[in-house]
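In numbering that gives the first Met the number 0, the protein residues as written are 0 to 267.
It cannot be assumed that every hint is accurate.
With beta-carbon atoms standing in for the labels, derived distance ranges [to be verified]:
1) 140 with 114: 18 to 26 Å
2) 181 with 216: 44 to 52 Å
3) 151 with 210: 50 to 58 Å
Dumping the calculated DSS-like pairs for lysine-lysine here, alpha-carbon to alpha-carbon at most 27 Å [stated by the list, open to error]:
4) 94 with 69
5) 109 with 151
6) 109 with 154
7) 69 with 189
8) 97 with 154
9) 206 with 101
10) 34 with 97
11) 141 with 34
12) 41 with 189
13) 67 with 86
14) 109 with 141
15) 43 with 109
16) 219 with 188
17) 154 with 141
18) 101 with 86
19) 98 with 67
20) 151 with 169
21) 206 with 149
If you are wondering where the hints come from, they were derived from the structure by calculation, not from laboratory data. Keep in mind the model is a prediction, meaning the values are calculated, not measured. Note that CB positions come from ideal geometry on N, CA and C, so glycine has one too.
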Amino acid sequence: MLKKIVKIIFVLILGITIIQFNIKKIEAKTLVQDKMVSIAMKEKGSRYKKKYGPAPWCTAFVNWSARKAKVSTKVIPNATNSTTMYKQLLKKGAKVVKKPQKGDIVFYKKSSRSQTMIHTALMTGSKMSIHGNYSHKVSYIKATDYRVGKGKVSKSRIVYVRPNYPKAPKKPQLSSAIISKNKISLSWKKVNQASSYTIYMKNSNNKIVYQKVVNSSLSKYSFIYDNRKYGTYSLSIKANNQVGSSSSSNIKKIEYVPPMPKKEFYQI
0 MLKKIVKIIF
10 VLILGITIIQ
20 FNIKKIEAKT
30 LVQDKMVSIA
40 MKEKGSRYKK
50 KYGPAPWCTA
60 FVNWSARKAK
70 VSTKVIPNAT
80 NSTTMYKQLL
90 KKGAKVVKKP
100 QKGDIVFYKK
110 SSRSQTMIHT
120 ALMTGSKMSI
130 HGNYSHKVSY
140 IKATDYRVGK
150 GKVSKSRIVY
160 VRPNYPKAPK
170 KPQLSSAIIS
180 KNKISLSWKK
190 VNQASSYTIY
200 MKNSNNKIVY
210 QKVVNSSLSK
220 YSFIYDNRKY
230 GTYSLSIKAN
240 NQVGSSSSSN
250 IKKIEYVPPM
260 PKKEFYQI
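Go ahead and model the full structure; you've got the sequences and the hints to work with.
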């Protein structure tokens with residue numbers, strides 16, 4: 000009986016540990032659009048607040064949510080009204096989509112053929128949305144339930160826009176890796192959307208013996224490796240940004256060899 004109880008306790012502890020690990024793993028990869036929606040949802044039911052920005056405040060609320068989530072203005076620009084935001088988003092690489100998802104921005108047109116927008120909000124999923132200044136408060140409604148006057152707007156007046164959110168960077172390519180005594184120099188081709196690079200050096204047992212995060216402005220780097228263990232080492236690099244890291248680059252190998260013994264010359 001005691002053995003069974005111990006076994007059950009062990010399984011429960013293991014399960015809790017796995018759950019905690021998975022939560023941390025998920026949190027580490029939280030996308031900016033998830034953060035933005037989460038921030039906006041915490042304001043549900045709030046009346047207008049000065050922190051949101053100027054009124055009328057539907058656009059200001061989207062701006063505020065984006066800035067709080069640290070979404071770049073290159074992705075979601077600060078705009079003074081819905082029409083301006085719509086046009087600026089498209090200029091910055093956003094796309095009009097038919098099937099919305101979390102983090103998309105929904106716009107409501109003045110009429111089916113008009114390009115003037117009368118309202119905007121954040122999509123929290125494929126159907127639901129969070130609005131600033133709807134019924135004079137932050138409202139959580141189905142996007143297609145938005146009403147103007149006495150009735151719902153027609154679907155032909157609803158436009159879903161997907162901002163050009165950052166993606167995990169592509170993997171970089173090492174151009175060269177050179178060793179001179181104990182100084183190692185490497186160079187690589189820069190990767191778009193990288194905010195930093197991580198350099199890895201592994202020994203012949205595939206163990207990381209050196210790791211360094213360097214600035215994204217760099218395309219070459221040198222460091223001293225002075226452990227005096229001779230052999231073959233492999234170098235690789237990853238690109239990183241707020242979304243995640245690329246896969247490892249190509250591998251460059253270097254030989255860390257002892258110096259050649261000096262030859263002795265004898266005069267006959």
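For each hint, the structure was consulted:
no., hint, result
1, 140 with 114: 18 to 26 Å, "24 Å, holds"
2, 181 with 216: 44 to 52 Å, "26 Å, violated"
3, 151 with 210: 50 to 58 Å, "56 Å, holds"
4, 94 with 69, "21 Å, holds"
5, 109 with 151, "13 Å, holds"
6, 109 with 154, "12 Å, holds"
7, 69 with 189, "24 Å, holds"
8, 97 with 154, "11 Å, holds"
9, 206 with 101, "40 Å, violated"
10, 34 with 97, "23 Å, holds"
11, 141 with 34, "20 Å, holds"
12, 41 with 189, "39 Å, violated"
13, 67 with 86, "22 Å, holds"
14, 109 with 141, "19 Å, holds"
15, 43 with 109, "26 Å, holds"
16, 219 with 188, "9 Å, holds"
17, 154 with 141, "12 Å, holds"
18, 101 with 86, "20 Å, holds"
19, 98 with 67, "26 Å, holds"
20, 151 with 169, "44 Å, violated"
21, 206 with 149, "68 Å, violated"
Of the hints listed earlier, those the structure fails to meet are numbers 2, 9, 12, 20, 21, in rising order.
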